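**Q** Listed here are the chains, written in short residue letters.
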Amino acid sequence: MKPITNSWAEPYKMKMVELIKMTTPAQRKKALKEAGYNTFLLKSEDVYIDLLTDSGTSAMSDRQWAGMMLGDEAYAGSKNYYHLEDVVKEIYGYKYLIPTHQGRGAENILSKILIKKGDIVPGNMYFTTTRLHQELAGGRFEDVVIDEAHDPENEFPFKGNVDLIKLDKLVKKYGASKIPYVSIATSVNMAGGQPISMQNLKDLRAFTKKYNIRIIHDMTRVAENAYFIQQKEKGFSNKSVREIVKEICSYTDGATMSAKKDALVNIGGFMTTNEWEVFEEARNMVVVYEGLHTYGGLAGRDMEAMAIGISESVDDDHIRARVGQVIYLGEKMINYGIPIVKPIGGHGIFVDAKKFLPHLSQDDFPAQTLAAEIYLDSGVRTMERGIVSAGRKPNGDNYYPKLELVRFTIPRRVYTQAHMDVIAESTLRVYGRREKIKGLKMVYEPKYLRFFQARFAKI
Amino acid sequence: MQTIIEPFRIKSVEPIYFNTREERIHNLKKAHYNLFLLNSKDVLIDLLTDSGTSAMSAEQWAGIMRGDESYAGSPSYFRFENAVQDITGMPVVIPTHQGRASEKILFNILGGKGKYIISNTLFDTTRANIEYTGAVGKDFLCPEGKIPSLNAPFKGNADISAMENFITITGAENIPLCIITVTNNSGGGQPVSMQNLKEVKKLCNKYKIPIFIDACRFAENSYFIKKREPGYENISVKEIAREMFSLADGCTMSAKKDAFANIGGFIAMRNENLAKECRNLLVITEGFPTYGGLAGRDLEAIAIGLYEVMEENYLQYRIRSIEYLCNKLLDHNIPVMQPAGGHAVYLDGKAFMSHIPVEQYPAQALACALYIDGGIRGVEIGSLMFGKYNEAKSLIPAPLELVRLAIPRRVYTQSHIDYVAEVIIETFKKRKEFPGLKIIEEAPLLRHFTAKLETLNP
Numbered sequence: 001m002k003p004i005t006n007s008w009a010e011p012y013k014m015k016m017v018e019l020i021k022m023t024t025p026a027q028r029k030k031a032l033k034e035a036g037y038n039t040f041l042l043k044s045e046d047v048y049i050d051l052l053t054d055s056g057t058s059a060m061s062d063r064q065w066a067g068m069m070l071g072d073e074a075y076a077g078s079k080n081y082y083h084l085e086d087v088v089k090e091i092y093g094y095k096y097l098i099p100t101h102q103g104r105g106a107e108n109i110l111s112k113i114l115i116k117k118g119d120i121v122p123g124n125m126y127f128t129t130t131r132l133h134q135e136l137a138g139g140r141f142e143d144v145v146i147d148e149a150h151d152p153e154n155e156f157p158f159k160g161n162v163d164l165i166k167l168d169k170l171v172k173k174y175g176a177s178k179i180p181y182v183s184i185a186t187s188v189n190m191a192g193g194q195p196i197s198m199q200n201l202k203d204l205r206a207f208t209k210k211y212n213i214r215i216i217h218d219m220t221r222v223a224e225n226a227y228f229i230q231q232k233e234k235g236f237s238n239k240s241v242r243e244i245v246k247e248i249c250s251y252t253d254g255a256t257m258s259a260k261k262d263a264l265v266n267i268g269g270f271m272t273t274n275e276w277e278v279f280e281e282a283r284n285m286v287v288v289y290e291g292l293h294t295y296g297g298l299a300g301r302d303m304e305a306m307a308i309g310i311s312e313s314v315d316d317d318h319i320r321a322r323v324g325q326v327i328y329l330g331e332k333m334i335n336y337g338i339p340i341v342k343p344i345g346g347h348g349i350f351v352d353a354k355k356f357l358p359h360l361s362q363d364d365f366p367a368q369t370l371a372a373e374i375y376l377d378s379g380v381r382t383m384e385r386g387i388v389s390a391g392r393k394p395n396g397d398n399y400y401p402k403l404e405l406v407r408f409t410i411p412r413r414v415y416t417q418a419h420m421d422v423i424a425e426s427t428l429r430v431y432g433r434r435e436k437i438k439g440l441k442m443v444y445e446p447k448y449l450r451f452f453q454a455r456f457a458k459i
Numbered sequence: 001m002q003t004i005i006e007p008f009r010i011k012s013v014e015p016i017y018f019n020t021r022e023e024r025i026h027n028l029k030k031a032h033y034n035l036f037l038l039n040s041k042d043v044l045i046d047l048l049t050d051s052g053t054s055a056m057s058a059e060q061w062a063g064i065m066r067g068d069e070s071y072a073g074s075p076s077y078f079r080f081e082n083a084v085q086d087i088t089g090m091p092v093v094i095p096t097h098q099g100r101a102s103e104k105i106l107f108n109i110l111g112g113k114g115k116y117i118i119s120n121t122l123f124d125t126t127r128a129n130i131e132y133t134g135a136v137g138k139d140f141l142c143p144e145g146k147i148p149s150l151n152a153p154f155k156g157n158a159d160i161s162a163m164e165n166f167i168t169i170t171g172a173e174n175i176p177l178c179i180i181t182v183t184n185n186s187g188g189g190q191p192v193s194m195q196n197l198k199e200v201k202k203l204c205n206k207y208k209i210p211i212f213i214d215a216c217r218f219a220e221n222s223y224f225i226k227k228r229e230p231g232y233e234n235i236s237v238k239e240i241a242r243e244m245f246s247l248a249d250g251c252t253m254s255a256k257k258d259a260f261a262n263i264g265g266f267i268a269m270r271n272e273n274l275a276k277e278c279r280n281l282l283v284i285t286e287g288f289p290t291y292g293g294l295a296g297r298d299l300e301a302i303a304i305g306l307y308e309v310m311e312e313n314y315l316q317y318r319i320r321s322i323e324y325l326c327n328k329l330l331d332h333n334i335p336v337m338q339p340a341g342g343h344a345v346y347l348d349g350k351a352f353m354s355h356i357p358v359e360q361y362p363a364q365a366l367a368c369a370l371y372i373d374g375g376i377r378g379v380e381i382g383s384l385m386f387g388k389y390n391e392a393k394s395l396i397p398a399p400l401e402l403v404r405l406a407i408p409r410r411v412y413t414q415s416h417i418d419y420v421a422e423v424i425i426e427t428f429k430k431r432k433e434f435p436g437l438k439i440i441e442e443a444p445l446l447r448h449f450t451a452k453l454e455t456l457n458p
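Chain order of the listed sequences is H and S.
At the far end of the first sequence sits residue 459, using our numbering, and the numbering has no gaps.
At the far end of the second sequence sits residue 458, using our numbering, and the numbering has no gaps.
Excised from the complex, chain S in its bound form (with noise of 0.2 Å):
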């Protein structure tokens, strides 16, 4: 396979400390066997998010230094509403600090007690926000999507005959909102084609339901398009992306994502009267509407990162060097997700640690055995992340044990891909020796942030 080269190189260096395996043991026991607990300098390769963790260009650390910290009406806003609105169509562009913000303002203005927020698949914290204000969300997700290990292209696309057959049942006057997540973070990275975009459209249009576009991986997805669904191949990411908004009647974005910005968010929208009541949101949890709780640096960077993430070199790279750690896994027969995603290789934790049962957590011991490895820090989208309890107090399994290997956007080289791989490798042959977890503290809410752990013996 031809090599395939960053279109970059590196300005500025960050040093990464090494430890021995009899500390990180130490480290993991001290952070309850939870990763989101460990300090970072102890973490050798931190695949935990690619969110908030890309290395910026010189380009927008120079916009950082031309940030205007006006508290209203900073020219750094209009640049960054300018690039907004070019890119997503949309005219109503609302700053947020980030992703999560933007979600819980949007679902206290349509969610509450009684509605459904249906969806190909939510994320965990868009998740958290709807059942904050009481609505539930309802994930339909493509059947080919519910199968780790086969091969399709567009695995995140949405179930529209299942989504049509709950709307018919529930009402569509129940149903304030439908959320496309593009790519589907929780169910690999995997790609939603125009195609189906085109079919969510046309079933809402038809109950006159609005969709947003979870729109943090945009410019991943455009590229998956264009390089898998027929009559794309010619179309530049852009027109793509474009398309992509113009289906939509708003989208929230995490600028943490695919905008390579460390902070940042936003809502943008058509319909103004709904932006009105964002903006009423806005100022009391986030700031004034020309700033929304950032820095002017930081509106900066999101305008410039926007147009940096559609640049095709660069998605080649990306997409490849994803690929690449995937087929490297493949090769030596590990369960992994495929095919690959955008921004993450998904390893399948039940079929990795099949010694271990659901209720012990396969995915997060998977984790938690390849920071002992090698001190590699991943994240469990598995049982603990999304499960829940029924009445006896029994675990609900989630669908799927994923240990999640988010690759932060040009910050690591080929040669800790290759070290990843290498422990994973090794992690696999000696899996045996690593046993379950069992929760010994839990927060109501997005328990896995700060859940405590114990391992059972083996």
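With the rest of the complex left out, here is chain H (with noise of 0.2 Å):
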């Protein structure tokens, strides 16, 4: 990869700001505990940098906000519906466009129309919500991304790749009639934002097409991983993110988007298929779950802004800051000698917090320990990627992810490099003081993605 110096000033300057208050540390220990020593359960108000998401979060360019304006509100056939469905066209190359008020809108009437009970549904590492509504639907995920990935140290430039001797052992085992599709993410969320290569799409279609099995693109943060194709893949130096984006979607059937991502809205998402019986199918089921097809959920403005927002989305400037962000976080905390996973990811810095705190258990929580005391110390709000995200399989026991992670996840636009400096000095500040930090008891558990509303208390 190219060396990323100061290259990455931002291709826009601020026309909007929004106040942040600043907090004592007795304000923050008192409502850390009232959250439960979880994160996601912190007032926003009580939060000085909050990396809790990147989705959603992002701030809207001018031109986006133009588009909230030109919002054509009418329940049926609005035209910011057509300028959407244009773009999605355009973009990414899909031919069928149903929107959704967000991505597991999408994920939900997927699920539902693809899997049947039984039913097996591979998948470059698991993501929360994805893998819930493939359950929920009756299947089951089988985890085929390649070892690389669940070892946080590897250097591999690809780590979100399919391993297709994994996958096809799974299609001799259960048959390819048991596998509707092969779930693929770009960007992996779960193995730290990690890419998966062009060339490993390409093998993964050949070796579809020979069982006749779909690819399914969770495409939330496709134009991010355009970029490290750009920067790391050979033959694609001289080509745009735009044109890498939509060769990526050639190689795949249909997609789940959460527009909250990669496309710079606060709301929206979508599903797209090739297959017009999928798409007849899903129109008839979007209107129970989101709205009628020609605005699924959303306001007509949130169409506009997305449509706009897609197209600045596969923009090389603005690709080339955002990620250059990320990494010069995390060549800060690289330097502190603090354990994040590598290569460093595309939306985020992920601490590995089992090496971080080796001296806690899994069952303590670490990451979920980790990202309280990050908030402690600064107030930098973070998440726990690890056994409490990870949840329960379907028997009732945890699952055990070999990751451990807590995520420091990077607002698309919002925050400056003074930000990014802070949220580095202080992660060092908890790393100086590690040993003495105890692990946590879960003492509420809900029934279903338990980390977005668990609640915990000191050991």
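Since the hints were derived computationally from the structure, they do not count as laboratory data.
Values in this document were obtained by computation on a predicted structure and should not be read as measured data.
Do not rely on the hints blindly, as some may be mistaken.
[What the hints assert, rightly or not] Cβ-to-Cβ under 8 Å is the rule here; a few derived chain H residues that face chain S:
#1 40
#2 41
#3 44
#4 45
#5 55
#6 105
#7 108
#8 266
#9 299
[Stated by the list, open to error] Some chain H residues well away from chain S (every beta-carbon gap over 12 Å; in silico):
#10 206
#11 237
#12 311
#13 338
#14 437
Heads up, the beta-carbon is just placed ideally off N, CA and C, and yes, glycines get one too.
If you follow the hints, you should be able to join the two separate chains into one complex; please do so.
**A** Okay, here's the thing in structure tokens:
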């Protein structure tokens, strides 16, 4: 990868700002206790720098805000829908579009249509909501990501790749008819925002074609993945991110999209497919869950902002600055000796909590503990991506994921270089006193997606 | 009659694109005689729905700019929660991306095979969500509500004795919920009286059945109570609304109606255990409990809109403008539902298109005629929306064949409304020229949204 020095300077300037509140250590201690040591349950007012997620937290551009004023709020046939449809076809190349209020709405519908009871859904690492929808539709997720993805130290550039041998074994074991699709995420979130290579996608396409299995694309960070291909994969350095994005999509048969990430909006998502029959079924189903198929539970203005955001998201300068900022923070942490997932991913820094707090067992929730400690130190809000997020198997046992991470997700176009410095310095301070940190125990556990609402107490 | 002017002026406008009758005939054919499939730019006056189509106020737009988009614990959420708690008196508030999502969550928990959900009248998406779980929705509308031409003050009331009869036959243990829709949308936007709500509560208390209010148009209903029910003349709309909510155990709301929002909804309730179950489902399909699938800015707009809608000057203007259109049509002997409802004028399709039998969807034919003649888009609320088939595959028609002309809030002027009246009067004169329709393609649930139709030879 080309060294990134100061060249990631933002291709935009600020037009509107949002004030943030500074808090004292005593206030943070109280707020954290009230939130049951779960950063999700903190009030955002009590947060100084909010790295909980890059989902829905982007700053929209002035053009997107102008688009918000052009919202056509007609219940049926809004012109914003047609604009969005054109953009999705042009940039991503998929044939049919169903808008949804956000990504999980699309996952819900697609899983219900494609998965039958007893089906197996292989994928390049699980994601919380995606796997849950697969399970609720009667399927079972099987991880086919390459082993390197589970090793935070391994610097392989495309840790989002699929291990075709693992996939082949699954096909042989269960038969292709039991596999409705392979679920492929670009920029694999749970692996630390790690990309999949174009070559791997091509090989996967050839493999699935042989067995007549679909590839469904979780495309929420496809532009970030495309940027890594441009930077790291042979033969792509002269191609634009826009071209690469379209090529990625061309190897897949449909997609679910949370537009709250790459596409720079605060709300919105969609499902796409190249199959007419799937589209027809989805159109009937979206009315029940989301809204009529020409608005999908979104205001017209949000479809307009999404259409404009998608176009902005594939701009080379935008992506260079976006990923450049993440790498800036990551390199700072590496220089401080803080254990993070390598190579640095596209949307955030993933701190290795097992290495950071080696004296805690996984049942003491090391990543949850570390996220709480970082908040306490500086008001920076991060998120657990370890045993709490992994949840329980359908039989009730805990999943024990190999990775126990704290995610520092960087919202797009929101924070400055000075904010990045504060984050790195705070993490360093916590690292300095890591040996004194004690773990947590879970005192309330919700049934689904427990990481959102679980409560903890200090051991 | 004294002129009622709008208690606001226009701050931002949106162009309307004019087209010719020939273009509209072509557009309609392309949309398979289903107005839901028209492009909105091909519509002159869009009365398809009052849902999500309101003009927001400058205050609401300011709220949009103030929206805090934090994923969890946004102050916009807390402002929203406070507003809902203040108005409903219910402690638990759960945001959703819109009304049907609230319903889906609630019925997933309370519905299921063998269950019956009773109501004054359930709306189309509500019924679809109930049926999707395997449960059955049962309407018990008061007798006067079933006669379009009859003028009565509270035609949305529930028929208490019929309800009780059903409960005793079916067994209260099979009835997990009673839903009272205010105002009663499918029944013509007709209000429910406080007295009737009290009787429903007494009945449901006796059989321990929880009551939820479908509160989409709670302010319009409250205003009708103030105007029509003895004893409420001097009570504020907010107090009336609070009294209504005090009689229920919970409510679902599509904020796209009486909160002037373009998107959004919520569930509110008193029972914390039920709320926990709701939140468990919420995170799967909607979003985290402090945003529920909405942008922070939308929570702000709803919080502000909920108060604006209870302004009496606004409600007076709102209800009077519907009455204005209704009276204009009555003057020309057009068959309309009486008295005027809160959010829409309902044309009686069966009487209007008396030459078209119910099997040929007279109300849909009328909706198509109004589009062809004037570019007006209304919606059929009749056998296309609610019709079912018996075992012999022949149509079981809906009790009423209506065309709803829903008036978006704060969007159209009096000139627009005058134009609408003129078009309807003209269409009425030559109504015999318009043929009936048949369905050539339909979905198993909520077929009216996507069905394709063809004209029959007149």
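**Q** So which hints don't hold here, by number, going up?
**A** Hints that this structure does not satisfy do not exist here, as all of them hold.
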